[in-house]
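**Student:** Residue strings, one per chain:
Protein chains: 2
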Amino acid sequence: MPAAMVILAACENHQNQIVFPKGEKISNDNFIGTAYLQPLIAADSLNPTAVGNVSFEPGARTKWHSHPGGQILLAIDGVGYYQEKGQPKKILHKGDVIKCPPNVSHWHGASPDKGFVQVAITNNQNGMTIWLETVGDSEYAD
Amino acid sequence: MPAAMVILAACENHQNQIVFPKGEKISNDNFIGTAYLQPLIAADSLNPTAVGNVSFEPGARTKWHSHPGGQILLAIDGVGYYQEKGQPKKILHKGDVIKCPPNVSHWHGASPDKGFVQVAITNNQNGMTIWLETVGDSEYAD
Chain G
1 MPAAMVILAA CENHQNQIVF PKGEKISNDN FIGTAYLQPL IAADSLNPTA
51 VGNVSFEPGA RTKWHSHPGG QILLAIDGVG YYQEKGQPKK ILHKGDVIKC
101 PPNVSHWHGA SPDKGFVQVA ITNNQNGMTI WLETVGDSEY AD
Chain C
1 MPAAMVILAA CENHQNQIVF PKGEKISNDN FIGTAYLQPL IAADSLNPTA
51 VGNVSFEPGA RTKWHSHPGG QILLAIDGVG YYQEKGQPKK ILHKGDVIKC
101 PPNVSHWHGA SPDKGFVQVA ITNNQNGMTI WLETVGDSEY AD
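The listed protein sequences derive, respectively, from chains G and C.
Each residue of the first sequence is one higher than the one before, starting from 1 at the first, in our numbering.
Each residue of the second sequence is one higher than the one before, starting from 1 at the first, in our numbering.
No lab work stands behind these hints, which were simulated from the structure alone.
Any given hint could be a false lead.
Which copy is meant is left open, because identical chains are indistinguishable; a pair holds if it fits in one copy or across any two.
Stated by the list, open to error - Computed list of lysine-lysine pairs in DSBU-like fashion (alpha-carbon distance at most 30 Å, straight line): (1) K114 with K94; (2) K85 with K22; (3) K22 with K90.
It should be emphasised that the depicted structure is a prediction, and the values quoted were computed from it without experimental measurement.
Here chain G stands alone, though its shape is the one from the complex (with noise of 0.2 Å):
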């Protein structure tokens, strides 16, 4: 292999080592597709706050949810999707931030063509995670 080729191949490698680990697969149903949840750190007594690393795959979606203490996500790399109810599809790219309010009826996940890497962190402040409703291809779509 020539040395541009090899060095190539290694820019990429490193540009594909996110930050964190993928973790397992997910295998409860509240996800359409195929996402891993890597645990970053659990809520206590103390401190309420959940933060865990998913990486969905092309097209992988959660189902709608809410929290009942809010949910911050940072995009970390790929190109993702968030949606609350009743307001128009947000497009994410690595670096944006999103706050969800309390209580608030929304689904993240990937594009259907880029997978998404995101750090969630859930308030479980009030309770944990509320889930709903699936999101079909054509919402998903839309």
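With chain G's structure known, arrange chain C on it following the hints.
**Tutor:** Then chain C, alone, in the frame of chain G:
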């Protein structure tokens, strides 16, 4: 410039693309050395979680301080230090995560030779950061 050099330069540029903007230079005296803050999310009455991206130049660090609601640190890039009162200093690399309990005195910053980028997730439920004494050069090097 040979093709390999051009690609290598492009690769280094890619590696320098940290997730969040560097923000503004911190001008208050709660930091020793040069550090930058990009606020990402402000706390509000519904969700008391504040999130900010802090970039420390080599040798830069906070003063000792504590948080009434605790703090979570995500190491995004570079090499950092974290120390709780009475505990040995921890060395942080990209992907490391720290949970600092409420009211525990601690400081964090960059290593002497490499800068450090962190996301700080602070729970302001029970009040704002309490700033304490400086971290002197010998204490920092200890």
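**Student:** Now look at each hint and say whether the structure bears it out.
**Tutor:** Do the hints match the structure? See the list:
1. K114 with K94: Classified as both; 12 Å inside a copy, 24 Å across copies.
2. K85 with K22: within (29 Å within a copy, 33 Å between copies)
3. K22 with K90: both (24 Å within a copy, 24 Å between copies)
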